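Student: Below, each chain spelled out in residue letters.
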Amino acid sequence: MAELIAAPQAPAQIAPPAEKSAGYWRSVWRRLRRDKVAMTAGTILVLIFLMSLFATFLAPSDPYARNVANRLAGIGTPGNPLGTDDLGRDMLSRLIWGGQLSLLMGVAPVFIAFFFGSALGIIAGYAGGLTNTLIMRTVDIFYAFPSVLLAVALSGALGAGLFNAMFSLTVVFIPPIARVSESVTTQLKSSDFIEAAKASGASALTILRVHVLGNVLGPIFVYSTSLIAVSMILAAGLSFLGLGVQPPFPEWGQMLNALRNAMYVQPLVTALPGVMIFLVSISFNLLSDGLRSAMEVRT
Amino acid sequence: MSYARYSRQRVSMAILAGTTAFVAPAAAVAEESVLRIGMTAGDIPLTHGQPDQGFEGNRFTGIPIYDALTQWDLSQEDEPSTLMPGLATSWEIDPEDDTRWIFELREGVTYHDGSEFTAEDVVWNVEKVLDEDAEHFDASQVGVTASRMPTLRSAEVIDDYTVALYTSEPDSFLPINLTNLFMASPDHWAEKYDETGDSDEAWSEFAADPSGSGPFRVTGFTARERLELQPNDAYWDDARTPTIDRVVMRPMPDANSRTAALLSGEVDWIEAPAPDAMAQMEGQGFVIYSNPQPHVWPWQFSFLDDSPWLDREVRHAANLCVDREELSVLLNGHMGIPQGTVGPDHPWWGDPDFEIRYDPDTARELMEEVGYSSDDPVEVRVQTSASGSGQMQPLVMNEYLQDALAECYFDVELDVIEWNTLFTNWREGADASSANDAHAINVTFATMDPFFAMVRFLSSDAHPPVSNNWGYFTDDEFDDLIAQARTTFDPDERDEALGQLHKRKVEEAPFLWVAHDAGPRAMSPSVGNVVQPQSWFIDIATMTME
Amino acid sequence: MFAYAIQRILYTLPVMLGVSVVCFALVHIAPGDPLISILPPDASSELQERLRILYGFDRSYVEQFFMWLARVLQGDLGTSIASGRSVTLEVSRAVGNTLMLAAVATVLGFTLGCLFGFVAGYFSNSPLDKLASAAAVFGVSVPHYWLGIVLVIVFSVGLGWFPSSGAGPGGSANWRFDYEHALYLVLPAITMAVIPMGIVARTVRALVADILAQEFVIGLRARGLGQFHVFLHVVKNAAPTALAVMGVQMGYLLGGSILIEVVFSWPGTGMLLNTAIFQRDLPLLQGTILVLATFFVVLNLLVDLLQTALDPRIKR
Chain A
275 MAELIAAPQA PAQIAPPAEK SAGYWRSVWR RLRRDKVAMT AGTILVLIFL MSLFATFLAP
335 SDPYARNVAN RLAGIGTPGN PLGTDDLGRD MLSRLIWGGQ LSLLMGVAPV FIAFFFGSAL
395 GIIAGYAGGL TNTLIMRTVD IFYAFPSVLL AVALSGALGA GLFNAMFSLT VVFIPPIARV
455 SESVTTQLKS SDFIEAAKAS GASALTILRV HVLGNVLGPI FVYSTSLIAV SMILAAGLSF
515 LGLGVQPPFP EWGQMLNALR NAMYVQPLVT ALPGVMIFLV SISFNLLSDG LRSAMEVRT
Chain B
48 MSYARYSRQR VSMAILAGTT AFVAPAAAVA EESVLRIGMT AGDIPLTHGQ PDQGFEGNRF
108 TGIPIYDALT QWDLSQEDEP STLMPGLATS WEIDPEDDTR WIFELREGVT YHDGSEFTAE
168 DVVWNVEKVL DEDAEHFDAS QVGVTASRMP TLRSAEVIDD YTVALYTSEP DSFLPINLTN
228 LFMASPDHWA EKYDETGDSD EAWSEFAADP SGSGPFRVTG FTARERLELQ PNDAYWDDAR
288 TPTIDRVVMR PMPDANSRTA ALLSGEVDWI EAPAPDAMAQ MEGQGFVIYS NPQPHVWPWQ
348 FSFLDDSPWL DREVRHAANL CVDREELSVL LNGHMGIPQG TVGPDHPWWG DPDFEIRYDP
408 DTARELMEEV GYSSDDPVEV RVQTSASGSG QMQPLVMNEY LQDALAECYF DVELDVIEWN
468 TLFTNWREGA DASSANDAHA INVTFATMDP FFAMVRFLSS DAHPPVSNNW GYFTDDEFDD
528 LIAQARTTFD PDERDEALGQ LHKRKVEEAP FLWVAHDAGP RAMSPSVGNV VQPQSWFIDI
588 ATMTME
Chain C
447 MFAYAIQRIL YTLPVMLGVS VVCFALVHIA PGDPLISILP PDASSELQER LRILYGFDRS
507 YVEQFFMWLA RVLQGDLGTS IASGRSVTLE VSRAVGNTLM LAAVATVLGF TLGCLFGFVA
567 GYFSNSPLDK LASAAAVFGV SVPHYWLGIV LVIVFSVGLG WFPSSGAGPG GSANWRFDYE
627 HALYLVLPAI TMAVIPMGIV ARTVRALVAD ILAQEFVIGL RARGLGQFHV FLHVVKNAAP
687 TALAVMGVQM GYLLGGSILI EVVFSWPGTG MLLNTAIFQR DLPLLQGTIL VLATFFVVLN
747 LLVDLLQTAL DPRIKR
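Chains as they are written, first to last, in this note's numbering: chain A, 275 to 573; chain B, 48 to 593; chain C, 447 to 762.
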């Protein structure tokens, strides 16, 4: 799972620093639009996000309403098109509602880590010297833990729960993002146009805001989208170990875990939460691939 | 200790000789019967004589390997399991001192290492957990042991086969408590001590190569993976001398892995199969055994000022509002239906005037008397966990209760927390911040021992943090009944006193009694002579294997 | 190169110190009583206090840290609260089992990953590429622990081809490298190999495509040199990075095996960690994490040094 973090997107593979204009982004979008796979993945993600957002209107029934007499009903049961779970709750409604917590747990830590990690990395990269050493060596300590281990250890020590799980995941994702940001910023700092800006007497803040942020955040963002795929699986894994969202709230990882023992009774129904996790994860991976190749222009 | 070493050598020589003499020529190896068990524990329960992992520990690494002074009769399925002689043949309170017990010991019992069991060994085994100055005192055994015999203080040799035990206060429950004090071989420990020169290491070595006097001896131990037992052919009770050649126990905490291991034939017996996998197991010819255990799955109520449970009518209404038969369907029927902490056939029953049953009409009437209605329900908050030892299927069951109680004007909110945290909170009380304003807590418990079954929830001496009177139930009448039971030494009269306590407990209903665990286990049809008693324990020694 | 190696090795020292602080702190951010696992429900506060002193939990954090560190440096990771056994012994035994599983999974993942990646990169944009890339992205997107459960149901329960759990019929203590025991490795190793397979395949595909697009290679082809030369050139240039990725992956597998070991009851560090968490056995938790993190740091160091030595392009 989070083994994915390290190797494939070594900083060298992030788009080389070059001044990017509005025209550049327009051309990225144009190329991305031609990428059918990435567009399909993006569409699926938008649909799943909308589905979760509007769960109130979309879910056919109450995701908490139990009907013991009708437990573990199969796919295609009248009234429960995707069957029911071990308490006779409607699977379709729970899957729709489950998107909220699952996406929150999978996406939010990466976003928070994106914010803190890139801030740390850009500051370290731009400031250099002692600041860089202090920040990056601290980051290195956390980077010295395999990510699954760190997430499990942290949430294991803190105790189960949504908040603790999200906190652990955030801690896991800050170091890789910080490292990538630092490396991109350091490369950028020595590039011609920053030198030019410095020579023209622009303040450090202006340079950071106008030149650095604009050029660094893009690649880091793309990198982060690939981390979301990892985060989704890792979050579900924490729930699987009983360290994530606690029932009765619907969350895909937790649903997958709770229905494990019913696999012999209703294999298809119990697989559905796993399919949702897979769908989101693979879509983020494909979208991230598409974004990267759309941004990777050799000029 | 040279004698012990000598005798042990002799024994192992004898075993060696026996093995070569009988097994090799007969080529009986192929016929060897092996019983493989998948336990729910995450690790092999401690093997040095005082097992951890709750009562699953006593079940698998206590009773088969060791004996205690008193033991449970596990040969009956139809009636509650009762106390019977073990290494002690009889016991009585000293007529002149009601804190001094006299135990007559069984003669001719030997440990697996060949040394003989005497009164000195009882003293030694009491000291291992209660005498900090003793060389063999082991702090790690104190936790699981001392609490199960809270009043035991010391022991004294009277003669080779008579021993006196002292309690801090008169306590008629002591003989029951003593089922938890297993007799480890002092000679064998001394041998380990001679080898290592350190008490802790000696215990650690002892655990890897234990010696008790039970029907099985340990022949293989791989920490966290596998424990192998073989029969102790010199066992003192012929009826319990095992016929199975080898028993292998494996820790398998994940229910799904246990199911897969059973279905694919890697083990012959698993503990606590998931209810939803039982149909598959039975379909493949496996047998599900279950029998109500001395166990209660309750909501324990708060009696603090803000608690909605202060009205007895409300407590009764909740008890009348749950259709336990229907709940049992969720558990595939593997659940006992409670009428109190113990049932009508139990010596502590006491025939209470309040009958726990399903009667929602009466429940609603009671609620209306107090002033609640469907428009004005009572809000209650319950703290529970998603899993945990003895918790059965906590979420399924609590969510069912939430639904059921709504019919009787209860608006139930569940506060689901992690099992270990819940267990810690149980000791901190309803007024602690950890209780998160809950009015009831859902922690299950064993009821073999009157202290654990009743006293710790009802006595005003058991308020947190001393013990588990989580809700601060306080009533002088109950304190008197408890004192009465504790100081009544005739077993029948003591049970009668406990009956009085139980009667009043059910009538006052400081609990919502929901279920008794039936301790389901799934076994291969080739395991024979399985007696599943009404107990947390089961006797492996008498089983057979095809 | 030599100076770089020394510098790189020295640099791991402060990292390791930091790692040990984090491991130590883990125990102390944990809510609740560290002795909860051995404290019975009705332990008196007096008993609690006595045990607290016996286990050294009554001292200050700083004091506890240095006492702990001093012992750790002598190879003593303390005593498991739940089992009373030495954590060093427990972890070393478990690490061996996890190492074996991770090694098999790494080899499997690397072989398949290279195969898929190479095919995809070499025949870029062909249907073969699509298929191999799909397998790779599947590998990094599937919840692998769940895949493991499905494999057990199909291949152990349904078909009875492979055992579902444990490390051999006699436990890991009686492990032998023979056919009967190897069967026990099959399902967990396949499950574990899925992610590295995906990652290696994606990396190799990108590498191969990159190398093939180099002017030099285009030149080779233009000069009419055989496919074989091109192939050799690609392998030579892709190997260092691919190997480095594999090395790092193995580190991740060591540390990330918890879910798979739980599903397959594999007696490794992951199971140990899981037990430690649920029994709240904090010394065991601390010790296991420290050992795994150390392995990871050392492995990364080795990979780094090896890659520097192998790859002519990296000048340090």
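Wrong hints could be hidden among the right ones.
Claimed, not checked - Computed far set for chain B versus chain A, every beta-carbon distance over 10 Å: (1) Glu373; (2) Pro424; (3) Val443; (4) Tyr447.
What the hints assert, rightly or not - These stretches of chain A come out as covered by chain C in the derived footprint (C-beta under 8 Å, 3 or more residues): (5) 414–428; (6) 481–494; (7) 554–567.
What the hints assert, rightly or not - So the derived list for chain C, only partly shown, Cβ under 8 Å to chain B, looks like this: (8) Gln453; (9) Val598; (10) Val600; (11) Val603; (12) Arg622; (13) Phe741.
Just so you know, the hints here were simulated from the structure itself, not pulled from any lab data. Please read these numbers as outputs of a predicted model, since none were measured by experiment. Glycine included, C-beta positions come from ideal geometry on N, C-alpha and C.
Student: Mind listing which of the numbered hints don't hold for this structure, in increasing order?
Tutor: 1, 3, 4, 6, 8, 10, 12, 13
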